[in-house]
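Asks: Fit chain B to the supplied structure of chain A, relying on the hints for placement.
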Amino acid sequence: MPNSGGTSGSRRGTLAISPAARYRELRVNRTVYLTAFLLLLAPWALWFESLSSILRSSAPVLALQHTTVAALMRENLQGFALGTSNPTMIYVLGAAVLGIALFAYDRLAGGLLYSLEGPLRRREVFAAKALFGAITLLVPVAAGTAGTLLFAALSGNPGLAGAIALRGLFDAAGELSLLATALALGGAMSTVFSVAATATWALLPALLQSLLMNLFWAPGVVAVSAGGQLAYEQAPRFAYPWIGQVAMALPNLSPFQPAALSGWPLTESLALLASFIAWAALMLGLGSGWWERAPFERLRDSFFFPFLWNLYYAFLSLLSTLILGALITRGEVYGAAWAAIYLALFVMGWFFWRFVVIWRAGRADRPRQARRSHVA
Amino acid sequence: MMAALRMEGVGKRFRGVPVLQGIAWSVPVGSVCGLIGPNGAGKTTLLRLLLGLIVPDAGTIEVLGEHLGVENAGVRERVHYVASDPAAVPPFRVGEWIHYASLAYPRWDAPRAARMLDALELPSRRLVRELSAGQRTSLQIAVAAASRPDLLLLDEPTNGLDVLVKTQVLQLVIDMAAAEGTTLVIATHHIEDVERLADRLAVLYDGRLIAQGELDALKASLHRLQVVFPGDWPGEIESDPRVVRVERQGKVAMLTVEGPLEPVQEACRSRGAVLVEPLDLDLTDIFRAMVEREGYARAELRWDVR
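For the record, the sequence lines run as chains A and B. If you number the first sequence the way my numbering does, the last residue is 395 and the count never jumps. If you number the second sequence the way my numbering does, the last residue is 321 and the count never jumps.
It should be emphasised that the hints constitute simulated quantities derived from the structure, not laboratory data. Everything numeric in this text was worked out from a predicted model, so none of it was measured. All C-beta atoms in this analysis are idealised placements derived from N, C-alpha and C, irrespective of residue type, glycine included. Heads up, a few of these hints could be off.
To be verified - Under 8 Å between C-beta atoms, here's a sample of chain B residues computed to sit facing chain A:
(1) Leu68
(2) Val85
(3) Glu86
(4) Ala88
(5) Glu92
(6) Tyr96
(7) Val104
(8) Pro105
(9) Pro106
(10) Phe107
(11) Tyr115
Isolated chain B (complex conformation):
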C-alpha cells in the first residue's frame, strides 16, 4: 500500500541535544494513525518535520510521494497542520483568515468553509486572538477541512474543547477522512480518542519510535493477567522476559505480559497460583507498559512530603 508519509533514519538535534533519533515510520494512505508519547517525547517536532518546516539533521522524509527538501511549500498545499495551542496566532479576523486561506490553498472549498463557520458558530468579524482556545481550534479545523488536504496532522486537537464540540470536531475529521481518503495523524495525550478513532498507532518515547503498527496488532501483543498466589511470591515470575510489568498487592498480582499468554499462564499455575485470569488491557495500560519497558519512571508525588 502506498505510504502517505515515510521516514527513514530521521534524527534531529536542538542545540546539540538529540530530540529525535533514528525514526523509521510509515503511515499508509487513508489510515488514521494515533501518535502518542509522554510530554517532551518529540511529537510536535515530528509533525513539524513532516510539514517541512524544520529540516532533519539525518535521514530522509517522504510525504505524499515527495521527498522533503528545504522549501516544501508545494507539499504544504496538500498537508494541513492543526495545533490546539498554536505557537502563532494570525493577526486576522476570522473572515480575513478564511479569505487568506482561500487564496493560499489551491483546492479551497468555499461552500464547505461557510458551512463549517456556521456550524461551529464562529463570528467572522472577531479577531482570531480574541477567540477562546477551543474556538481557535475549531476555526483551524474548519480551515483544514475546507482546504481539502491529503494529509491532516492534528497536534493535540481536542485540548480546550468542551465535550460537545470535541465530539463534533472529531466526528468531522473522521467523516472527512472516510469520504475523501484523507490520511490523519493525531498526536495526543487523550489515549481514549486514539483508541476510538485510530486504526494505527505510533508510540514515541524520548525521541525514539518504540512501537508502530496496526492498533489491533499492537493491542494483541500485550495482555494482562490477574494471579493469586496463596503462599510466598515466586520471584522467578518477575524475571520472566515475557512479563514486562508486575503490580502486587498482598497475594494478588497483576502481570502485564508481552506475546502469547498461555505459556505465562502455565508457568504461574505450575508455581502454585490458585487464580490465573486474563483481563482486558486498555490502550493506556499498553502505553504505560511500552514506555516503562524503555525505562520511563516518575517519582511518586506526595502531598504530605516537603
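So that you can see chain A by itself, here it is in the shape it has in the complex:
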C-alpha cells in the first residue's frame, strides 16, 4: 500500500518547511553547518577558559596586582559588554561565510537543481537554509551569553547582567542580519560574486568614513574641520540601518555600545537592535523573493538577474576609482574638487567596465555563433 509521506499538498500557500526540504538541507549542508557550529563555539570555549582561570586565581597573585577576583572579572565582563574583548569579528565572519557557503556548497554538490526538478518549493529551500543557518549561529551566542551571565553571577557582578544580555542580543541580531544579507546575495549570484559582494558590503562603513574624511578635510589643516568632524562621526549613525550589522566589528564605530556602559540611551540601543532585525527580515524577504523568481536557465551564470550586473560594474568602478583617484589626487585635493574627481572617475569607470564586460562576453559568444551558422 503506498504511503502518504509527502506533505506538499497541505503546505501549499503556507510558510511551513516540509520534512523533505528539512531533510534535504541537513543532508546536503550538514558539513557546512557542523563546521560553522564548532568554529563558532570555539571562541566561547576560550573565553570561558579565560574567565574560569580568573576565578581560579590565587590570592597571592591577586594581591600582587592589587585587585580582587570580582574586580578582575568586572573588568573582563565590561570588555565583553562593550564588544572589545568578545570574539565578535569571528561571528561576523562566520555569519557571512556561512550564508555564502550554504548556497555555494549546494551548487557545488549539485543537489540544488535536482531538488528543484522535484516537488520542493523554492521558498522552502531558502527558508530551510535561513532556519538552520540561524540555529547554527544563535545557539553558540545563546550558550555563550548564558555562560557569561553565569560567570557574572558567580563572580559577584550581577549588576552587569543587563549589559551582557544586551550585548548577546546585539551579537545575535548582527549575525542574523549578516547571514540574511549573505543568503540573499548567495541566492542571486554565483559564489565568487557573492563573496565579493558580501565582502564589499562589510567594508562599506569603513570605506564610507574614509571617503567622508577626504571630502571634509581642509587642505593643510591637521585636524578635521568642525563640519567634517560632525559628518565623520554621525555618518555611521545615520547609516546604521543599512550598515549597522558590521558596526560591532569595527572598533572605530565604538559609539554603538550597549546603553548601560556607553551612556547611549536605552531607546537608541533598542532602536539599533530593531534595525538589525528589520534589516535581516528585509534581506530574507528580498532574498526569498529573488530566489523564487530566479530564472533557472541562468543557474550557472554570474547573476540570476541582468540588473545585478550593474552592481558588478559599480564594484569594479569603485575599485578602479579608489586606485586612480589616489594616483590623481596624491592626497593633495580635498573638498568639492576631490568629490568631483572621484565622482567623475566612478561614472566613467561604470561605463568603461560595462563596455569591457559586454565586449568580452561578445568575444566568448562569437565561436558559438560561427558554429551555428556553419551547421545551418
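Replies: Structure of chain B alone, referenced to chain A:
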C-alpha cells in the same frame, strides 16, 4: 480526449538567442509520445518548460490540467523528470535519496521502491555520484516509478544503459504506463526505441515543432520509392513538390515521397521508368526527410581531408 500537456505559442530565448519558437503541442493522457530532434534542437529545454523549472518568454503551458506559473511545485508532485545525464547529482547515498523522495512525493510507493532497488541491484549504501551512469539512470527510473507520476518525462533515458538493463527499464516504464495510465514523453536519439514504444511522435528542429501526431499517421505520410530510369535522368522528378528527397546512384534512384504514392509512381512510369517499386521507410528515414525538408544539412565528414 483530455491532454496531459498542452502548449500554445511557447517561445524561449537564452541570452537573446531563440531556443524554442511558436511551439504548439498537445499530448493526450495515457499516450506514449516520442520526442526526437537533432542535437541542440531544444528537447531538454522543452521538457524543463513542462516541469515548470524555467518559464517561457511567450505562450502558455498547461500540464495535467494546471496552467504553469512561476513556482509549480504542486505540478511537480505528479510530473517526474528523468535525465540519463543529469545536470545535478544529489549528494546522497542511494538509501538517503529514496528516503528523501519518500518525504517529497505524496503518492510514494515504498514497497515498489524496495522491489525496484532489489531488481536493479542498486546498493543502498553507495553514494549516488559513485554509481555508473547506467546505475544512476536506473535509480532515477526506480524513484520515478515509486513516486507514481501521472506524467513521466524521460530525457535520453537509455543513454549509458547496457542492452539488458535498457530492455528491462523500457519494459518497466511501458508496463507502468499501461497499468496506471501514466503519460510518457520520451526525448531520445534512439529512434528505434521510439518506433518500438511510442504511439505518438513529435519532431523538433531548430526550436520549432515541425511534426506531431500519431506515429502511424506520420509514418503513412511519407513513402519510399525505388525507381530505375534506363535513359537520362528526368530532372522534373526532383522539382515535383511531392518528392522531398532524391538519392541517385547511376540509373537507380531512391525517392522519398510525401502524401499519396500513386501519382508519383504514375509520373515516374510516364517518364520512362522501367522499375517503380515502393519500399518500407523506417522512422529514421522519415525523421531525416522531415528535418532535411526544413533545411538541415551536415557537411560530409572526410577522414582523408585536412
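Asks: Does each hint fit the structure? Answer for all of them.
Replies: Evaluation of the provided hints:
At about 5 Å, the closest approach between the beta carbon of Leu68/B and any beta carbon in chain A falls short of 8 Å, and the interface hint on this residue holds. At about 6 Å, the closest approach between the beta carbon of Val85/B and any beta carbon in chain A falls short of 8 Å, and the interface hint on this residue holds. The criterion of a C-beta within 8 Å of any C-beta in chain A is met by Glu86/B, whose closest approach is roughly 6 Å, and the hint holds. A distance limit of 8 Å between C-beta atoms decides the matter here; for Ala88/B the minimum to chain A is near 4 Å, and the interface restraint holds.
At about 4 Å, the closest approach between the beta carbon of Glu92/B and any beta carbon in chain A falls short of 8 Å, and the interface hint on this residue holds. With a cut of 8 Å, the hint placing Tyr96/B at the interface with chain A holds, because the nearest CB-to-CB distance is about 5 Å. With 8 Å as the threshold, the beta carbon of Val104/B comes within range of chain A, its nearest partner Cβ sitting at about 5 Å, so the hint holds. A distance limit of 8 Å between C-beta atoms decides the matter here; for Pro105/B the minimum to chain A is near 5 Å, and the interface restraint holds.
The interface hint given for Pro106/B holds, since its Cβ lies 4 Å from the closest Cβ of chain A, which is under the 8 Å cut-off. Interface hint at Phe107/B: satisfied, since its Cβ lies 6 Å from the closest Cβ of chain A, which is below the 8 Å cut-off. Given the 8 Å rule on beta carbons, the hint for Tyr115/B holds: about 6 Å separates it from the nearest Cβ of chain A.
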